Amino acid sequence: MEEYVIDEKDLMINECIGNGWFGKVHKGTLRMKGAVGIELPVAIKAPRVLKRHYPIALDTLIKEMAVVSTLAQHPNILAFIGFIPEKISEFIDGGDLNHYLRNRGHLKYAKDNILLLKQQNATEDDFESICSVDLLSFAYQIANGMSHFEKTHVVHRDLALRNVLIGKDKIIRIADTQLARKIDKRIYYKLKLL
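So in the numbering used here the end of the sequence shown lands on 252, straight run, no missing numbers.
No lab work stands behind these hints: they were computed from the structure. These numbers come from a predicted model, not from an experiment. There's no promise every hint is true.
Ranges of calculated distance between the beta carbons of each label pair, as one might list FRET restraints [as the list claims (entries may be wrong)]: (1) Arg-215 with Gly-153: 21 to 29 Å; (2) Arg-215 with Ile-96: 30 to 38 Å; (3) Val-191 with Gly-95: 33 to 41 Å; (4) Ile-120 with Gly-78: 16 to 24 Å; (5) Met-90 with Glu-186: 30 to 38 Å; (6) Val-94 with Glu-208: 35 to 43 Å; (7) Glu-186 with Tyr-62: 32 to 40 Å; (8) His-157 with Leu-194: 16 to 24 Å; (9) Met-90 with Ile-120: 35 to 43 Å; (10) Leu-194 with Gly-153: 41 to 49 Å; (11) Ser-205 with Met-70: 29 to 37 Å; (12) Ile-245 with Ser-187: 45 to 53 Å; (13) Ser-187 with Met-90: 17 to 25 Å.
Don't be surprised by glycine CBs; every beta carbon is placed ideally from N, CA and C.
Working from the sequences, and respecting the hints, build out all of it.
Here is the structure:
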């Protein structure tokens, strides 16, 4: 886990871009070690905790980092970069898929001409529009990311549109792995609902 510890002086924390039940997410920039002048846009997830619960929250964060660090890089899973003790991940510029789809709800019954566009050539205008090919692409990318979780023996446990991010290039990233767990394939797990 040492390789994931980020020096706070290399991190610039900017505006809050999300505020939820478990904490806040800030946009920021990370100066890359060994690369002069190169800054990486990042998202910093800071858990919301009372001081007396900080040791428990830190332990939970460390467990999440241990699970996430076992996931190899994958195009449809949010890249974990490190922690300070806040979690630092890549910054995705389009927000979550839930808001993206809700803001385009008026298009759901539109009869559209479907054009297959290469995502490398996507523009800001392409991001604002949506067609049935996009919806199929989103479903495929989510399935592709979840397949990677399964191959690495990790259960996400909180897959929801609010935890799926979309870039301006319409590339999907599965995020929010605080409930993820590494599993042993030889053991049968049973979840008991109260």
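Query raised in the report: Between Ser-205 and Met-70, does the C-beta distance stay in 29 to 37 Å?
Result: holds (35 Å)
Report task. Mind checking the hinted window 32 to 40 Å against the Cβ distance between Glu-186 and Tyr-62? Result -> holds (36 Å)
Query raised in the report: Quick one: are Leu-194 and Gly-153 within 41 to 49 Å, going by C-beta?
Result: violated (20 Å)
Query raised in the report: Range hint 21 to 29 Å: satisfied by the CB atoms of Arg-215 and Gly-153?
Result: This hint holds: roughly 22 Å between Cβ atoms.
Query raised in the report: Taking the beta carbons of Ile-245 and Ser-187, is their distance inside 45 to 53 Å?
Result: Between Ile-245 and Ser-187, where Cβ atoms are some 46 Å apart, the hint holds.
Query - Distance restraint evaluation - Met-90, Ile-120, Cβ atoms, bounds 35 to 43 Å - result: Check failed, 24 Å falls outside 35 to 43 Å.
Query raised in the report: Is the distance from the Cβ of Val-191 to the Cβ of Gly-95 consistent with 33 to 41 Å?
Result: holds (39 Å)
Query raised in the report: When you take the CB atoms of Arg-215 and Ile-96, is the distance between them in 30 to 38 Å?
Result: This hint holds: roughly 35 Å between Cβ atoms.
Query raised in the report: Taking the beta carbons of Ile-120 and Gly-78, is their distance inside 16 to 24 Å?
Result: holds (20 Å)
Query raised in the report: His-157 and Leu-194, beta-carbon distance inside 16 to 24 Å?
Result: holds (20 Å)
Query raised in the report: Is 30 to 38 Å a correct range for the gap between the Cβ atoms of Met-90 and Glu-186?
Result: Hint holds: Cβ distance 31 Å, inside 30 to 38 Å.
**Report entry** Range hint 17 to 25 Å (beta carbons of Ser-187 and Met-90) holds or violated
**Finding:** About 34 Å separates the Cβ atoms of Ser-187 and Met-90, which means 17 to 25 Å is violated.
In this structure, the earlier hints numbered 9, 10, 13 are contradicted, and the remaining ones agree with it.
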